[in-house]
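Protein chains in written order, with our numbering: chain R, 203 to 457; chain C, -14 to 276.
You can take every hint at face value.
From chain R, some residues computed to sit far from chain C (all C-beta separations above 10 Å):
#1 M221
#2 L300
#3 Q342
Computed beta-carbon distance windows for the label pairs:
#4 R:V272 / C:S74: 40 to 46 Å
#5 R:P375 / C:P47: 47 to 53 Å
#6 C:R(-4) / R:S213: 47 to 53 Å
#7 C:Q71 / R:T423: 26 to 32 Å
#8 C:S186 / R:D360: 22 to 28 Å
#9 C:Q188 / R:T423: 22 to 28 Å
Think of the hints as simulated: they come from the structure by calculation, not from any bench. These figures come from a predicted structure and were not determined experimentally. Glycine included, every Cβ here is placed at the ideal spot set by N, Cα and C.
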Amino acid sequence: MTYDVPAPLVSRRKVAREMWVLGFEAAPIARTVMAGQFVNLLMRPGPLLRRPFSVYRADGDVVEIVLSAVGEGTERLLDLTRGELVSALGPLGRGFQLDAGPGRVTLISGGLGVAPMPLAARDARALGLEVAWVHGARTQAELCSEADADRYYWATDDGSTGVHGSALDAVPPSEVGHVLACGPNRMLAAVAARWPDAQVAVETYMGCGTGVCLGCAVPRTSGVYDRACTEGPVYRAGSIRWADLPAHLHYRVTA
Amino acid sequence: MSGSLDVGGVRLKSPVMAASGTFGYGTEVPLCDRRHLGGIVSKGIFLQPRLGTPPPRIAETPSGMLNAIGLQGPGVEALIRDYAPQWASWDFPVLVNVNGETVGEYAELAARLDGVLGVSGLEINISCPNVREGGMFFGNDPRSAAAVTSAVRQRTSLPVWVKLTPAVTDITEIARACEEAGADALSAVNTFVGMSFDLQSRQPRLAFHTGGLSGPAIRPLAVYLAHRTARAVSIPVVGIGGIAAAEDAMEFLLAGCRAVQVGTATFVDPNAIGKIVEGLRRYEELLRPPD
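So that you can see chain R by itself, here it is in the shape it has in the complex:
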């Protein structure tokens, strides 16, 4: 079931340098969203198209997203004042598929790839799975200050905290369970090379979010393009032709 609801901004907090969590009251979405699914937000006034965001947390009637200012849409969202409305369409897409425990999931996130992880941790725990979380960013200041797991590991590109390197470099071999990953597409390509059975949440440009525009094409190893908004955004890592998926989206101010 998909809902389109007027959603007032109810909370805002900073979780890293240039990275914020916004909360919107959107009860029917908050109560039904699964880890890895997304909401498509419309701002008026604002850019023509909606902007898709993985749901970060869902608590009671509130849906949270995490974002940085990377373009017109995200700048507009960060300018919203409390109580101001957006239109929230969701939950959309196919999220992470988890089997009941016992067992372990390994969450691997890079930068804004933290987005689906708190919900993934929540759903994994509810199924009796242990949760290890490995998170990487460029610097200590850009590491998300919130995490929710049984054990955490950090990595920074400049070595200012944790392992000096990428999130992948910081995964202890003893912690490798069922891998769920999100981050820049080139990081996900490296995940695919190491763990083809990992589930990854990809990022694409998106038009409608509802399956009709075919704008969010994801090249699959089966030879077809399918839709990140409908068959995805979560895929088996080994099923994507990574060389044919844009490595990162150019609305980002920095890579």
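Since chain R is already given, all that's left is putting chain C on it; use the hints.
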């Protein structure tokens, strides 16, 4: 707007339809109030399955978007097997947007769809800017446009609409050629060819390099071309281009169109068509012919 209307042999439930490529095969859009849907035009189909173009396929522009999807689709046999049976049970008509790389392919597609239950008409796409062969090529030249129209006309008993490209010097010349070749209605207009560069990569923002521009950005251009088309022919014209509200639809109706198609607005609001039809009630007076 209440009551159905006949447009080029197709009985629409309201004057507001879903444009090709913006509503899938009608089975997927959530939250659209289908009581108000005049009818839909399917995603463009070829005889054979098509992969479509590589990503990125879309780029947002001021008040608009560029797309280069490349007519990705499952081919006509899958359409007949998977979708037409569902259409047959709906209370609004579905037209199939037909495509080919040669006149013969258009004609064969028309013949294959003739008599298929659930298909209420054909919209010939001679205006897609995102395929290397066929597509817009046929819509650029009155003789080619007439040849495709006439070939389709001869192979089907279904109503035949032709979707025109705005990328021509004189749209009235193409419109008249299609009318003379047997078209029952004209859809005006398809997207405008556009291009946008990314400053970081210094490359075009679309993998196909060029794309079709849609959305409110093109509305005045489309109203003008629809108006010129409507004045040039006696068959009905269906206006398309950046319609997002009842007032926008009214502009096309005042310009001489019998009905309209809504596209990009459905990407923004899945129930855009429902809201436009509701909104048109306010203008019924304006649409009444003068005494």
